[in-house]
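Chemist: Chain by chain, the residues run as shown.
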Amino acid sequence: MSGRVLVGVKRVIDYAVKIRVKPDNTGVVTDGVKHSMNPFCEIAVEEAVKLKEKKLIKEVVAVSCGPQQSQETIRTALAMGADRGIHVDVSGKDYENLGPLQVSKILAALAKQEDAQLILLGKQAIDDDCNQTGQMTAALLDWPQGTFASEVSLEGDKINLVREIDGGLEHIKINTPAVITADLRLNTPRYATLPNIMDSLMNNETELHKPNHRTSLCVGLIPLFETVAPEDMQGGTDRSGAMLRHTVLQSGKPKRIILSCLCI
Amino acid sequence: IILYDIRCFSVRAVSVFNVLRSLSAASHGLTDEQKEFQKVAFDFAANEMAPHMAEWDQKEIFPVETMRKAAQLGFGGIYVQPDVGGSGLSRLDTSIIFEALSTGCVSTTAYISIHNMCAWMIDSYGNKEQREKFCPDLCSMEKFASYCLTEPGSGSDAASLLTSAQRKGDHYILNGSKAFISGGGDTDVYVVMCRTGGKGPKGISFGKKEKKVGWNSQPTRAVIFEDCAVPVANRLGEEGQGFNIAMKGLNGGRINIASCSLGAAHASVQLARDHLLVRKQFGETLSNNQFLQFKLAEMATKLVASRLLIREAAQALQEDRPDAVAICSMAKLFATDECFNICNQALQMHGGYGYLKDYAVQQFVRDIRVHQILEGTNEVMRMIISRNLLSES
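Chains as they are written, first to last, in the numbering used here: chain A, 1 to 264; chain B, 265 to 657.
Hints in this document: simulated from the structure, not taken from any laboratory. All C-beta atoms, glycine included, are put in the ideal place defined by N, C-alpha and C. You may find that some hints are simply not true.
Under the rule of at most 25 Å between Cα atoms (straight-line distance), these lysine to any residue pairs were calculated in the SDA-like manner [claimed, not checked]: (1) 34(A) / 407(B); (2) 333(B) / 184(A); (3) 407(B) / 191(A); (4) 18(A) / 535(B).
Computed footprint of chain A on chain B, listed as stretches where at least three residues anywhere in the stretch have a Cβ under 8 Å from a Cβ of chain A [stated by the list, open to error]: (5) 334 to 346; (6) 623 to 634.
Some residues of chain B that are not near chain A, with every Cβ distance over 12 Å (derived) [to be verified]: (7) 305; (8) 311; (9) 502; (10) 650.
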């Protein structure tokens, strides 16, 4: 199996940043906040580059959907070893409404356009934690999917995958073309080296695409009512011994009291 | 009655902190390429250096493996030409990289910058054979380098150095000793400034490892030459050119050291800010205390001012501008002094915790204190700047 791999990379708020909710509760503060490539997308890029280094695939194309700043994320992918970048320009209201369904439609269209053999994605994004894009993309293309991959190996035109699932590890074999989503232990992403950064930025161009009516973004809007920060932790109540008796005596009749151990 | 709208205050506070975050990010005005370099350096510092910085300091470990990892990314010869294994970047790129690396460990980054200066010196002033023999191994950090200029009797007055090199056939015989040599005894290549013409007995040996207040992840020793034979083929440049080469090296070295101070100050401002947001006294977080707010504002302002001066100096050096020497000295003087004050103030803001070795801020203070002394004391910087101002041309 040789050919092209599409890797989806998403620009998200950096994992180390403390998230703040906007005062009007319409979302979280993103202006001036440090953003980086979604960590699971980094793992996906690393896997694609490794496959290319093993000469199992020919070209790695990094794709990002979003505003102008998404180009930074594509640059990082190029610096890690991707050959080409595609920036699907989505801004303003469209970007606010951009979710897994819309992105998977875009990826499916691009996969056909680019004649991709494999789509590699992170298992989920750390901002919305949807864990849907990979699965939806596979369904739209009617391709097999290998999600939560912790090991990937190519065998002819099939892929051997180890998936991390609740019950343990699952070994599957799927046909290509396919969609794979990367889990944490798939690999350790490399640092870009200075020479790679310079080469990639000089030689590789990022194409700009505007989504057209076929990849319509208006479908399937999920209305967002409110964003709030989780409540501050309250102290727990000691429901052991003396407290228990006191509560029953106070009310005069026996209550159903659920004894809980130390609430921290 | 003074009405205090708390909701308004907290909104403003949020935007102030966002601005600080983006100021602290230090990536304004950089090219796309430079932003990528900076990102790699920050990531490397956070993942590979910061978790070990306390241990390297306490156990005085010279982190060879970590530095070699850095070299694999191109940090071993940042401004050395690519044909001998370097990354071929500019002085400004270098400053950005060292500033970012320093947030992970000042002492190790400072050593890496010294190593880079040695590699650059051989790259710039060496002949073809010397460049091909030494630079590739230095750029990959297969071999480590030390820079030997200071002597027990000549620090600020570098021109008065005594280490002699007497020509005997196709060797120079070196006699004398160098003091406070970073990496001394653990490194492989020594770039030595010496006076041609002299006399003496045996080889190269090292004094005891010095016990220092900071910079503990790099060993410091005296380097002693007794009749030490060095092939003439290893002489960089012509006889008599050494002083010039040393001075040129120092301009870049000053920017590098100042950049390391920047990284420490940047990290300390972040630490102080985080502490102020968490620590409560008198029923509220320290961040509500106006004196501390103002102090933090001053620290951030001086940090940005230092950064701009250093980057301007790096540009000036890169372009070989006539004011390069003066501005490099200004940048070193200003940044090392201000950044030390920033780190010191950050320690103060931590209260008693700032004094404990469990907290990183004290290590930043200890590590960058010496930046006001080496690469030319800040007093010597004033000499250079005033000389430049008072000269007639």
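Chemist: Does each hint fit the structure? Answer for all of them.
Modeler: Against the structure, the hints come out as follows:
1. In summary, the hint linking residue 34(A) to residue 407(B) is not supported, as the alpha carbons are separated by about 37 Å, beyond the 25 Å threshold.
2. Only pairs whose Cα atoms come within 25 Å are accepted, and residue 333(B) paired with residue 184(A) is accepted, the gap being roughly 23 Å.
3. Proximity of residue 407(B) to residue 191(A) is assessed by CA-CA distance (about 22 Å); at most 25 Å being required, the pair is judged to hold.
4. A threshold of 25 Å between alpha carbons decides the hint, and for residue 18(A) with residue 535(B) the separation of about 14 Å falls inside it, so the pair holds.
5. Given as covered by chain A, the segment 334 to 346 of chain B passes the check, having 6 residues with a CB less than 8 Å from a CB of that chain where 3 are the minimum.
6. Evaluation of the coverage hint for the segment 623 to 634 of chain B: breached, as 0 residues show C-beta separations to chain A shorter than 8 Å, against a requirement of three.
7. Its beta-carbon lying about 9 Å from the closest one in chain A, residue 305(B) breaks the requirement of being farther than 12 Å from that chain.
8. Separation of residue 311(B) from chain A is inadequate, the least Cβ-Cβ distance of about 9 Å not exceeding the 12 Å criterion.
9. With a closest Cβ-Cβ approach of about 33 Å to chain A, residue 502(B) is found to remain outside the 12 Å limit, as its non-interface label requires.
10. Residue 650(B), annotated as away from the interface, keeps every beta carbon of chain A farther than 12 Å; the closest lies near 38 Å.
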